[in-house]
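**Student:** One-letter residues, chain by chain:
2 protein chains.
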Amino acid sequence: MSPLPPPDPFNALVEALDLPPRGDGPLSGARFTVKDNIDLAGHRTSYGSPAWRDAHPAPVHNALCVDQLLAAGARCVGKAIADEFTYSLDGESQFFGTPRNARAPDRIPGGSSSGSAASVANGLADFSIGTDSGGSVRVPASLCGIWGMRPSLHRISEAGVLPFMPSVSTVGILAAGLPLLESVARVLLRSGTRPAPSRRRLLVLSDAVELAAPAVQTQVRAALDDIARRTGLVAEPIRFAQLIGEDRPLSDCNLKALRDLQTAEVQSTIGNWIETARPELGTTFSLAYGNVLRFDRIAALESLKRCERLFEQINAALPAGTIICFPTTPCIAPPKGSLRTLEAVTAFYDPTMTLTAFSGVARLPEISAPLLTVEGCPVGLSFAAGHYQDEALLQALSEFLRPQDR
Amino acid sequence: MSPLPPPDPFNALVEALDLPPRGDGPLSGARFTVKDNIDLAGHRTSYGSPAWRDAHPAPVHNALCVDQLLAAGARCVGKAIADEFTYSLDGESQFFGTPRNARAPDRIPGGSSSGSAASVANGLADFSIGTDSGGSVRVPASLCGIWGMRPSLHRISEAGVLPFMPSVSTVGILAAGLPLLESVARVLLRSGTRPAPSRRRLLVLSDAVELAAPAVQTQVRAALDDIARRTGLVAEPIRFAQLIGEDRPLSDCNLKALRDLQTAEVQSTIGNWIETARPELGTTFSLAYGNVLRFDRIAALESLKRCERLFEQINAALPAGTIICFPTTPCIAPPKGSLRTLEAVTAFYDPTMTLTAFSGVARLPEISAPLLTVEGCPVGLSFAAGHYQDEALLQALSEFLRPQDR
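In the order they appear, the protein sequences are chains G and S. Residue numbering for the first sequence follows UniProt numbering, beginning at 1 and increasing consecutively. Residue numbering for the second sequence follows UniProt numbering, beginning at 1 and increasing consecutively.
So that you can see chain G by itself, here it is in the shape it has in the complex:
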């Protein structure tokens, strides 16, 4: 037995662990944490909710993705804090506390994979696995200044991962650097041979850039100028309406499509459980859940159709070799405790979810790269590719970026 890891001064973990590797492989030597909605054998999975944890026995098997990582040589060092039922983007859990944002300790870490991001950003782990339905991997990666990947929908096995939004939720990866992110992704995605480098096209989604704070916009332009200068690849601005060939705003991905699918599916998973088990709920979650409870799923079926059309339209515009770029979040992390009014919540969530819904509705792989800094705080720059183009996206990024940025 290795000695137990030191206690966690960053409040990233529900529990420090030391699960040794089950083999040698591409991840030998790497330490990882696991979001607390992904099963670890013999440990209760809380889903961010003490009530859920206490109502469900510990699983006897690790989630399959955890076993893939252990077999590839990685060591699991902890179960990471998650927001209640993973239904939040802020990372302030009233049950488990707020994991520390390493680069901006007075600000929120982002959620719901808050402990995953904090464990990596604070150096407790080299990478973490989380889940992403509306941005729960990408947003904390952006706000904490680390790498985050939401792969193509369902490409990573969800066996042993609590079901949340079955048509939306996806296992994702947070990592300290791009080479490790790529190694972990290739294990979990069971990637074959590396794709041959091909001629590429880089688009930048203008409407998404314009949603961001002016200082973020300036940083996006500087990052793209740098890529152009070093690689010769000039980012072509494109508007959402032009991309999909229909006069619709980018916000439709969220408000007229993905959000309704998300709400309808949450009713069927945790909604059914809450209505029958009547557990204690946190204040923040209760507010959000009120909208779930009142939601008319029959009226929402039109939005489900729009999700399919947007999937088709966006992917038609992203053939192999085309990458599209936009800020992961519109702003740096809000201060801790600031998301207490409806106005503050709306100001943070609405533009953020407009950005994250783009890849969500189109089932794209998206990688948030920690390339931007505003007021000393990190913001991610996201790169996305067509559905199932995960490996090509990873390879493109390793070619685009300076070694010190990877």
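Do not rely on the hints blindly, as some may be mistaken.
Copies of the same chain are indistinguishable here, so a pair counts whether it falls within one copy or spans any two.
[As the list claims (entries may be wrong)] Listed next, the in silico SDA-like pairs over lysine to any residue satisfying Cα-Cα at most 25 angstroms (straight line): (1) K256 - E391; (2) K305 - S191; (3) K305 - P237; (4) K305 - P179; (5) K305 - V374; (6) K305 - E391; (7) K336 - E275; (8) K305 - G192; (9) K305 - H154; (10) K256 - T346; (11) K256 - H154; (12) K336 - P9; (13) K305 - P20; (14) K256 - R22; (15) K305 - R155; (16) K256 - A320; (17) K305 - Q242; (18) K256 - R309; (19) K256 - D54; (20) K336 - Q219; (21) K336 - L281; (22) K305 - A41; (23) K305 - E275; (24) K305 - N11; (25) K305 - A196; (26) K336 - V204; (27) K305 - L281; (28) K305 - P163; (29) K305 - V60; (30) K336 - R199.
Hints were generated in silico from the structure; no laboratory data involved. All figures in this text were calculated on a predicted structure; none of them were measured in a lab.
Use these hints to put chain S onto chain G, whose structure you have.
**Tutor:** Frame of chain G; chain S shown alone:
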């Protein structure tokens, strides 16, 4: 309130129901049943297991796919019998009985969507929704002589559907005729405009045909000759090794790939529940579950990689416009009560799962058409297309087949 439907003399239903439509639409006037692992609000979902049913409260929401059907004008007339935990292909439930195979009453109906198939084949319903992980929609459709579709993996929402094998299980459709199957599929898949007819290529998977009983092979040839005579489209025989560009047998899809993924994922879903809840299990299920319990998921990770390669290889050979054809099952339904010895079980399951694993591992849409008859009993002829080519496959079939065969 409409009058309650008549009692069920065919043992297809757990419960007769009468849930009225929630709107007018393309399914107005059609009656459907719902496999008992798909939620109906206010009714306990048994998953084919009385122990599961008694341990879980009734859901408060219908599964999203049920609501899609009600909103499109269909009427739900019953909850249909499923095999225990949906982990069977035979349809002989020791808890709920054996639904009647309408065209071969002394033979099994096939499973696990046994009651779904029997409710349609016996005329209690016009269509049914079930789930398919290793053939649970396609096999009963084949053995009962009705239409069955396993769509592309995860294209239908699984919100409110009990998770079984998250990387494999898919909601599917059973129907009395092709036009209705297509209408139901277009509602659940949220299909857009109909694809334009295009030049087509029809392949026939030689290894799959050779696995079938000689009389089935003769019938397959006759059906393909008929298509060629009427449409000019001549089926081109192709061997599996030639299709994927690697010298491997068709059985690899099952034995060296999908089956291990299935077993590993079952451990994480019902395996965790059984090991902690210790429910009463049926005899047949217990035998199968013994293998699950002893299964080494770490050793199986190589098979997960093979699944990805087979997905890529098979789909590379099936571009838009290419359809591949093979018998759904190698034989007609075995006699009731005949699957009691290991020898009999192996003789039925091994070739059947070799056939069903092809689309399973490649995430293809597959439609079993009730076109073959051997010894007076039905066998399905399956047509599959590339991943996400569901609508094109439906359209191709409506062009291939004689009006009286649709």
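**Student:** Now tell me, hint by hint, if it's right for this structure.
**Tutor:** Comparing the hints with the structure gives:
1. For the homomeric pair K256 and E391, the shortest alpha-carbon distance between copies (24 angstroms) is at most 25 angstroms, but the shortest distance inside one copy (30 angstroms) is not.
2. Within a single copy, K305 and S191 get their C-alpha atoms only as close as 31 angstroms, which misses the 25 angstroms cut-off; across copies the closest is 8 angstroms, which meets it.
3. In the homo-oligomer, the alpha carbons of K305 and P237 never lie at most 25 angstroms apart, since the shortest distance is 28 angstroms inside one protomer and 38 angstroms across protomers.
4. Taking CA atoms no more than 25 angstroms apart as the test, K305 paired with P179 passes between copies only; the shortest distance there is 21 angstroms, against 38 angstroms inside one copy.
5. When the C-alpha separation of K305 and V374 is checked against a cutoff of 25 angstroms, the pair qualifies neither within a copy, at 38 angstroms, nor between copies, at 42 angstroms.
6. Taking the closest pair of Cα atoms, K305 and E391 come within 25 angstroms of each other only across two copies (15 angstroms); inside a single copy the shortest separation is 29 angstroms, beyond that limit.
7. In the homo-oligomer, the alpha carbons of K336 and E275 never lie at most 25 angstroms apart, since the shortest distance is 31 angstroms inside one protomer and 42 angstroms across protomers.
8. Proximity of K305 and G192 under a CA criterion of 25 angstroms is satisfied inter-copy only: 8 angstroms between copies versus 34 angstroms inside one chain copy.
9. With identical chains, the CA atoms of K305 and H154 are at most 25 angstroms apart both within one copy (20 angstroms) and between copies (15 angstroms).
10. Taking the closest pair of Cα atoms, K256 and T346 come within 25 angstroms of each other only inside a single copy of the chain (16 angstroms); across copies the shortest separation is 50 angstroms, beyond that limit.
11. Within a single copy, K256 and H154 get their C-alpha atoms as close as 23 angstroms, and across copies as close as 22 angstroms, so both meet the 25 angstroms cut-off.
12. With identical chains, the CA atoms of K336 and P9 are at most 25 angstroms apart within one copy only, with a shortest distance of 18 angstroms there and 64 angstroms across copies.
13. When the C-alpha separation of K305 and P20 is checked against a cutoff of 25 angstroms, the pair qualifies only between copies, where the shortest distance is 23 angstroms, while the shortest distance within a copy is 46 angstroms.
14. Taking the shortest Cα distances, K256 and R22 sit within 25 angstroms of each other only across copies (21 angstroms), while inside one copy they are farther apart (45 angstroms).
15. Proximity of K305 to R155 under the C-alpha cut-off of 25 angstroms is found in both arrangements, the shortest distances being 22 angstroms within a copy and 12 angstroms between copies.
16. Taking the shortest alpha-carbon separations for K256 and A320, neither the intra-copy value of 27 angstroms nor the inter-copy value of 30 angstroms comes in at or below 25 angstroms.
17. Taking the shortest Cα distances, K305 and Q242 sit within 25 angstroms of each other inside one copy (20 angstroms), while across copies they are farther apart (38 angstroms).
18. With identical chains, the CA atoms of K256 and R309 are at most 25 angstroms apart within one copy only, with a shortest distance of 12 angstroms there and 36 angstroms across copies.
19. Taking the shortest alpha-carbon separations for K256 and D54, neither the intra-copy value of 37 angstroms nor the inter-copy value of 39 angstroms comes in at or below 25 angstroms.
20. Taking the shortest alpha-carbon separations for K336 and Q219, only the intra-copy value of 24 angstroms comes in at or below 25 angstroms, while the best inter-copy value is 70 angstroms.
21. Taking the closest pair of Cα atoms, K336 and L281 come within 25 angstroms of each other only inside a single copy of the chain (21 angstroms); across copies the shortest separation is 51 angstroms, beyond that limit.
22. Taking CA atoms no more than 25 angstroms apart as the test, K305 paired with A41 passes between copies only; the shortest distance there is 23 angstroms, against 39 angstroms inside one copy.
23. Taking CA atoms no more than 25 angstroms apart as the test, K305 paired with E275 passes in neither setting, with 28 angstroms inside one copy and 40 angstroms between copies.
24. Within a single copy, K305 and N11 get their C-alpha atoms no closer than 41 angstroms, and across copies no closer than 36 angstroms, so neither meets the 25 angstroms cut-off.
25. With identical chains, the CA atoms of K305 and A196 are at most 25 angstroms apart between copies only, with a shortest distance of 20 angstroms across copies and 36 angstroms within one.
26. Proximity of K336 to V204 under the C-alpha cut-off of 25 angstroms is found in neither arrangement, the shortest distances being 31 angstroms within a copy and 62 angstroms between copies.
27. Neither within a single protomer nor between protomers do K305 and L281 lie at most 25 angstroms apart by alpha-carbon distance, with minima of 32 angstroms and 41 angstroms respectively.
28. In the homo-oligomer, the alpha carbons of K305 and P163 lie at most 25 angstroms apart both inside one protomer (22 angstroms) and across protomers (23 angstroms), since each shortest distance falls under that limit.
29. Taking the shortest alpha-carbon separations for K305 and V60, only the inter-copy value of 24 angstroms comes in at or below 25 angstroms, while the best intra-copy value is 39 angstroms.
30. In this assembly of identical chains, K336 and R199 lie within 25 angstroms of each other by CA distance neither inside one copy nor across copies; the values are 44 angstroms within and 60 angstroms between.
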